[in-house]
Every structure is written in C-alpha cells, then in structure tokens.
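If you want the building blocks of each chain, they are given just below.
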Amino acid sequence: MSLLQKYPAEVKQILSKYPADHKQSAVMPLLYLAQRENGYITGSAMQDIAETLDMTQTEVAAVVGFYTLYLDKKEGKYRMQVCTDLPCALRGADKFLQDLCGNLGIKVGETTSDGLVTIEAVMCLAACDKAPMFQIQSRDGLEYHEDMTVDKTMELVAALAKSGREVA
Amino acid sequence: MSLVDPVIELGRGLWRTLSSMFERTVTYQYPEHKRTVRPRFRGRHVLKRYDNGLEKCIGCSLCAAACPSDAIFVEASENTDEHRFSPGERYASTYEINMLRCIFCGYCEDACPTEAIVLGDNYEMSYYTRKDAIYTKDMLIEPVSSVNQTTPQKTPTGVFTRSVPEMKDAKD
Amino acid sequence: MDKQVTLTIDGKLISVPEGTFVADAARMADIDIPVFCHHPKLEPVGMCRMCLVEIGRPIRDRATGQFVLENGQPKIQFLPKLETACTNRVEDGMVVHTQSESAKAGQKSTIEFLLTSHPLDCPVCDKGGECPLQNLTMAHGAGKSRFLYDEKLHLEKRKPLGELIYLDQERCIQCGRCVRFQDEIAGDPVIGFDERGRSMQIMTSSEPGFDSVFSGNTTDICPVGALTTADFRFGARPWELEEFPSICSQCPVGCNITINTRREAAADGSMVIKRIMPRQNETVNEIWICDKGRFAYHYTESKGRLTRPAIRKDGKLSRASWDSAIKLAAENFAEAGKNFVVLASGRLANEDLFNLKSLADHLKGDAVLYSEIGGGELTSAIGISPDTNLGEVGPGTTLVVIASDLYQEAPIWYLRLKQAVRRGATLIVANPRQTRLDDHASYVIRYAYGDEVKTVHSLDKKNKIGEAFTRSENVIIFYGSEGLGVEGSAALASACAKLLNEYGFAGKPNNGLVGVWQRANDQGAWEMGYRVEADLPRFLRGKVVYLVGVDPAGDDPRLAKALENAKFLAVQDILESATSELADVILPAQAHTEREGTFTSGERRVQRYYPALPVLGETRPDFAITAQIARQAGFIQEGTSVSAAFDILSETIPSYAELSYSKLAEVQPQWPVVGRGDLYYGGTTYENKHGLGAHLTTTASRGENVHILRVHRESAPRPQENELLAVPVTRLYDRGTTVLPAKVLKNRIGKATISMHPDIAERLNVKNGGLVKISFDGHSGEALVQIDKTIPAGVVTVPRSMGLAIHEPVPAKVK
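Residue numbers (this note's numbering), protein chains in the order written: chain A, -7 to 160; chain B, -13 to 158; chain C, 579 to 1393.
Next up, chain A with everything else stripped away, as it sits in the complex:
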C-alpha cells in the first residue's frame, strides 16, 4: 500500500506546505514518513514518493544517499553509534570499538545476526570527558551511554536483548 493510501491526511498536509509547482520540496518530509513506517526507506517507498512528486526514482535515491540519517537498508533495532573523534580516541575509543566489534562478531557498519544491534562509528558526540562513550538510537529515542567499557557494554546488550527496553 502506498504512503498516500495509508496516511492520506498527513501526506496532504505535508504537500500543502509547499507551492504547487515546487512539489519536489516535499521529498524530505515524505522520506521521514517512509522511514518511520519501516525503520528504513524501502525501494517501493522511494518509487511511491517519486510518483507522488513527479520526480524520478533516482532523484529520490540521491536525496536518500546524501543524508546519513536516511537509511536505505534495514538496520538493527538499536543503533550503537560509537564516537571515534580525537578526544575519545585519545582515551582509547578505537580499541574500544575494535574489541566491541570482536565481541559482537561483526564489523563496523554491520548488524548482529539477530538484528538487535548495529555498530556505527560517528563523529564527536560532545561527551569528551566521559570517553569512551556511545549513543543508542532506536524507535524510542536517543540515549547516551558514557564512561563505558567493553564488559559494561556487553551487559547492556544482553539486557536489551532480554527486556526489549533500554536500561539507563
């Protein structure tokens, strides 16, 4: 079912914000909608949005590709974004990331086989005094986890797997 069919009111409201001859400006809010729906933007959602806005699918895909927060493939339930910028790196963030990956059995950017956790390396998260640290992004929102060690992180992962909720 297309976005227009599933959320007609919301889509109409988005389109009404932009002039009729500049429909293409609505591509970003519609992509948010598509990502909210599935956790990532599916090929058919991109096709859908392209048809609604009179764009080609390539143009929509180019917008998706440009922004790192528009996901075009399914990622884990919890995205663990480890800061690897300079101050964190000086406090051992690189090794932390490497060991964490080793423990989870995946490489940076990959998802665990149970679909629970995706590890990403990101830029400064402004918690330099509490390094090594990471943030967890999920459907429930964003949480910082600071002063972490590999063991503490693995405990957290186990807790997430069991409860399905975040533990502070």
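Read the hints as simulated data drawn from the structure, not as lab findings.
For each residue, glycine too, the CB sits at the ideal point set by N, CA and C.
The reader is advised that the hints may include incorrect statements.
Estimated spans, in silico, between C-beta atoms of each pair [said to hold, decoys possible]:
| id | chain 1 | residue 1 | chain 2 | residue 2 | range |
| --- | --- | --- | --- | --- | --- |
| 1 | C | S723 | A | G31 | 39 to 45 Å |
| 2 | C | A1222 | B | P151 | 57 to 63 Å |
| 3 | C | Q1246 | B | Y36 | 53 to 59 Å |
| 4 | C | W1249 | A | P0 | 51 to 57 Å |
| 5 | C | W1249 | B | V130 | 40 to 46 Å |
| 6 | C | E1236 | A | Q16 | 48 to 54 Å |
| 7 | B | P151 | A | Q16 | 47 to 53 Å |
| 8 | C | T584 | B | I89 | 52 to 58 Å |
| 9 | B | T143 | A | K9 | 46 to 52 Å |
| 10 | C | W1249 | A | P79 | 53 to 59 Å |
| 11 | A | D121 | C | F656 | 45 to 51 Å |
Model the placement of chains B and C on the given structure of chain A, informed by the hints.
Same frame as chain A, now just chains B and C:
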C-alpha cells in the same frame, strides 16, 4: 733505392701473412659453437608471464603505439574470473608482430607498463613466406612450466583485480 | 546585437558578449584555461577547481561611485585567492591572469588532488588517448605525487549503469558533467550522486538502469574513463582508429556522425566499424547523438548481406552475373509499361531516389515511397526554408508538435525543442496520450484518436493557445503518425499546411511544416515527387515491382501475399530478407557506409556522407545499378559519379537548385569548439571538417504561389463503445532492419508490448506483463501487456515494427 729494398718490403708483407696463419682465430664455428649473448641483447620477443602462470600482457597497445615501424597489432578483450588470462580486466586476445617490419629497437619493451613484452635472446629466425613472418600470440607467449599454469585459468573472485603492478617504489 | 564587454586575459584585450563566463571568453580568444567540470553547454558549478585563475576587477570608490584611478587607468584589485573562471561572468575592465605563479600553482595542485585516488589504469582504460585528464596532467600537472599510496580508495571497477554504460567508480573525478547533462539537457534525471564527500559516486535507480536514450552522450563528455560504453569496451585505442564522416541513417534528424573503423582479426583482417561518434553540427544535432544512432550500426556488417547478383531459375535463386541480372530486370521493366512500380524507401540516398524516379517516369510507371506517413509533398511547398536553426529560436517562435512522440521518433529534435523552450520559445504539444515532451511544453492539448484535424483547426481559436499561436512571429509545426496511417497523416498535414499558409508562417526562416518521418531520407523522396500508397497490397498485385531498400514481405503477411502474386519482382537491397526470398532477380547494393551519397533530413537539410568501409563482394551503389538498368532500357542516366548525379538532380528539382557536392562540403567555425585538440573543453565529439550541408528552398521561400489541396477524409476511426481500437505508435528501439542486428540493444528492444488503461485491462482480465493474443484486420500476434493509466479509454497502442503488422488505427480484439 737499392735492389734489396723491394725484396725486404715483399718479405715484410709475406711475413705478415705467414704469421697471421698462426694467430688465434676469433671466428666461432657456428652453428656448432655459438657466441654467448650479451646481457642487453635484443632478439626475438617473448610475452612474459607471472609466477602463477597469468600473462603479464594486458592488451593496452602501448607497444604498438611506440613501435616506430608499426609492426605490432593488438586487440584486447575482457577477462572474467572464470576465464582469466591476465590480472585485471583486460588481456590481449590478438597479439601479432610482423618480424619483417620489426627493427628490434626495444621501444616496445620500454613502453610496456607491465614488463610483458621483452626482447629475448633468440636471434635464429627464418621464414619462407611473408605470412610466416607474422608471429602470433601463441608463438610469442612464454611457455609454461606446469599444466595448471596455462591460461585461461579459473581464479577466485576479488584476487586478481589490478592490471598494472603496484609500483610502490623504484625497485618494485 | 548583444552588448559587448571588453576585458584583458593574459595581456590580450578581447571583446565578448555580455554574460559570457571567463573560461568561455578565454576559449574564444584561443587562450587555454583548463577545465574539467565546466562544459560550454551546461550551467557552471565550479566543482572541480581546475580553472582557477587570478581575476582582478577595477575598483569603484564607495562614496562617489567613480573608478579609483592609478596613473590615469582604473586601479585593478585582485582578490587574495584564486577564483574559478567558469563561474565568473566577464565585466568591463576585468583583468585575468591564467599563467601567473599562483594560477599555475593552483592548477598543478588541483591535478595533484584529482590524481590522489585516480587508479593507474591508463593502459587498460578506454579513454586513454582521448582523455582530458591525461592531456591536462601532461600540460599542468606535477611529475610526482606527495600523497600516501596506501590510502588510495578501492571501489567497484566495472559497475553497469544499465547494460549500455559501465561506470568505473575509481576513475570518476566527481565533476558531475554526466548528472548535469542528464538533468539539464536530456531532461532524464536517471543518474544521480550517492553519498557525499570522499564517498560520492554516481548511481542510477531507474529500471532498466540509466533509462535514457541519450545515455551514450555522457561517455563523450566524461573527462575521464569513468563512463564507457559496453559496445566499444576494449574495442581499440583511439589512435588506432580511422575516422570517416557520415550521416546517421536511423531517423529523419540526420545527425552528423563519425564512423571509426579498424581492421579486425575475427573478421579475417577486413575493416570493421568499431564505434560511432557524434560530429559537430550546431544546426542539426549540436554535439549529441541518441543511443540508437550510436549503437545500432551493426546491420551493415551482418552476416546476411547480399553480395552477389542472383536470378531465379527453376524456382530457385542461383548466382548470376551482373550483366544477366540487369538485362533480365530491364527487359521486364520495359515491357511492363504502366504496370511498372518502383517501391523505394528513405534508406536510399538522394541520388538513388532520383535515378529511380526518372526510370519510373521514363517507363511510364509509378514511383511509390514505402512509408506510412503521407502529406510529404506539402513539406516541399511549405516546409522549413534556409537559415532556419532550431538551436537559435526563442521568444516569438511557437513550435507545435502534433501526433508525434518526438522522444521515441526523433530524439535529437526532442532535445532541440526542449532547449528552445528554455530560451523562451512557446511549445504546444498535441497528442492523444502523454509523452515526455509534455513536461516541457507551454501548452498541452489532449485530443482523442481520430480528432487530429479538428485539433489543428482549433489552434487559432480565441483562447490562450490560439493567441499564442496567432501572435507569434514564427511557427513551425511538426506532424507525425501517432495513431495514424497514410490517409490520416495526409489529412493532418494538409490541415497544418493550410493553417500555416493562411497566417503567413511560410517561406521565411524558422517557419514551416516538418514531417516526423520513419526513415532517414523520406524527405528526399518527397522532394523528388514520390507518392505514398494507402492500400499497398491491392496496388501491388499483378505488377512488375522494383523493390529498393524495402522489406514488405517481412513487415506484413498481406504484402508478402501481394508480392507472391506480383508479375515480376526485382529486389535491390543490402540484406537478405523475406522479400529477397521471393525475388525473381536480386541486385546486391552497397550500404551507405560503403559509398558516398547525400541524405535530406526532415528539416530539409542536404548533407553528404562519405564511405567508411571498402566495397563488399560484388555490390554496386544503388544509383549505379538503376543507371545500368536504364542504359539497358535505352536511355542515359548518370551511374558512375555520385557528384555528377547530384548535379543533374540539382538542375532538375527546383528545391535543390544551386547546390553541389563542393557546396555541401563547406564548413564554418562553430561554437563551442570541440574536437581532438580541445577535447577537454567540449568532449570527445569529432569536429566537423567535412561539411555542414545546405538547406533546401521551398516553393514558398522562392516566392512562388503555394496551392494546398484540402485532403478529405471520410471519417477517422474513433474508439467505439465496447470495442477496442488498436492505434499504431512508434518506439525508438524496434525490430526494424537497421536496429535488430545490434545485439547490445537486445534488452531495450525487448518483446512486442501493447499498452492499455487499467480499466480495460481489468475488463479483459489481463495482468501487467501478461502475454495475450491480439488480432486486427486479419492479423494476429502475441504481445505482452503494459498497464498504463495515461492511455485513453477504448484504445490499445500497438508498436510498429515489432512483429505486429499495424498500419493505421483499426478495431482489435485482445485475449
């Protein structure tokens, strides 16, 4: 001028002739004895291979472009991992050198980016017709030492992806 | 007259039109500013930073607004940093230094940056030898790189963007020329950038990949070997290729091309066409060609070439000598008298068509053009006249396209009209279904199949469209054969011509009627006086037919039957076909790549083409064969020299007056400058050194009276209730004789597909992509169904030349 002078001159000349009969000869009794070829001798071309049997020639035609007498004809084709002749994407499917046009200057050897075409030591070539003088790739390619080194080969994916060797430093 | 601006570049004082970019101004003055992302036909973006130069401008005093003077001259202030020449427009008094220390350092650094991750691929890269990056590195680059080799990017090397174009991600320098070309010029934004920064790469999401008929042009403007064609992959090195100027034989636009050939071992050492490249002609195709012209050249080298004459003896075709074949043909033609028919097509040169017509006239026979579009005689009366240039029309000109999908039928005209709209021209597109040109049109008229003439008559009504039409200075009408047969298109042409004549849109530059023909030289046939026949099967029965460059038996089983019942068939063609199987005598002809000749484009421009390959077998040029038959039949025609044949043509046909081969070979300097020496600037298009061609005059432009007969049409077939009307439409890639042998286009040609509205599909219970049997007018065939909500109700579109023999709108049944 006395009567003896011409005899002395004659004698000198004949002495020269006689003494030369006992000089060491520099002639080689070819074909029984052959002179060793010097290190940079430019003889018959050879298309070299890597140690694993893949051909070095990538079909780039730079040798044909460098050749002052337009003696080389090259046609290129695509490599696949199932049917691999050379590392990288490209290999020479046709490689012919017209030996009658070739002047053995070695420019092709200098131009080659992978050191595939080299001028070897063989200088003993003869042909009866002009057509026989056109040496094709199977005549020029270096023979292999073992049967699983012949080309085409079946290679694992992702290994032989570079056509030109990574020249990291001058000695590479 | 544009306002001129004077500036100094490298000490040279030059004057250029206002609004020119500094990089273009330098090029006009023969000064070299290296560029990668800049292209004279694209909007500048300043992405590559290669054109960095020092630019200084005269300073004005803020308070007084006057120039600050220094030694009597305005003081020039240079910015502390280098600026890109491609994004800065010229200003009066500007001073540009392109060779100063800092500019040179900037250029050197930019090359160094571009080469940091550029792979060491020159030996294996198809672009090597015609590569702007190579040339500019030699000219402006440093000898060594200071960057760490180990941090070089390793990316996908042979990524197909669609099956026609390959992308090498490592070689791409992210200049964006390809994306910008597709967006701005082609209007098909089917490639785009993925990611950003160091990871920026080109990608496509269309299905099939890179779904544009102009995709091949991106390989010409790509400054490195990132985009290459699958057709020419590893074909040859550019310096090994020989170049021959020619004209594309696929559609009536008449794009100028260059044929590159080389010897091939697989062909036993004979010369073979390696690739087709565009040749610059700013009045016809600028520097572009469509993919059909670029990739569909293989037919002249197909194995089914006719190379030896043959005569039917005892029911079988057996080899014969030229003399006996010609004698047999001439005898039969001469004694046929009124029953003699010449059936020729637009695949032939002007000289061939002329000789054939004169043979038909002499023997009191009939000269018929094998085409499904009528009304061509009107284009000689009221067509486009000299000094017309679609590339210059702008405000004040109205372009009308009726019953034609230009994107499929004549892609380069689609490009030209689209750009005309950008310059301010008005475009009216009238079509029964949605076409790509609609997006660029100023006004779109949607009429029902059958209402073509009515629509033309309504073009000058009192509404917005009518006002735009009648108030224009110039009007050009393009008419086609969308949903029309011979009668329908003739009626449409007549209605258009009458309208143009009434309002005086004829006889002057940028005015007139253009037919979107099916083949390259249909216009030439119309100029010579050929006519089309609406009911060809009935007409051909019992006749003595001289078939030249046509395959009716392969196109339509009814025509095959008619030919079987003909009295005598002489087939003169280049390829074996169903028609040649029925022949009584076969006369093998030379393809246009093997001989000289001229084509007349749909815009009525005569252009010369030159031989690229040696003669095959015992083939002879078409005009020579006809002349030899004429001689046998007792009269003289020019059969030896093409140039002399053209001279006779020019003396006989008024519109060709005062033209000759030498006049057609004249060239003029063109802008932008492209070609071998300047390929970093304009791309690898070849420069035109062999002739721009010349425009024909029209009856109207010669000041003579134009008489337009109104063509009556009893009633046009219209979609009926509970009945399905099958209408013929044209696709770019079809199973035509000149296209099918190109294996690289196999997927684009695909299978015969008919399109219908979802409601009709539901009624017939067919699914999208399902296989059905369609029958009409005694024919039936299989086709795939495509559900398309832009198709009007009651109608199913049937593509021509895909194995379904449709010639005009007819009722159909689909199962």
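- request: Please name the hints from earlier in the document that this structure breaks, with their numbers sorted from lowest to highest.
  value: Hint check: 5 fails alone, others pass.
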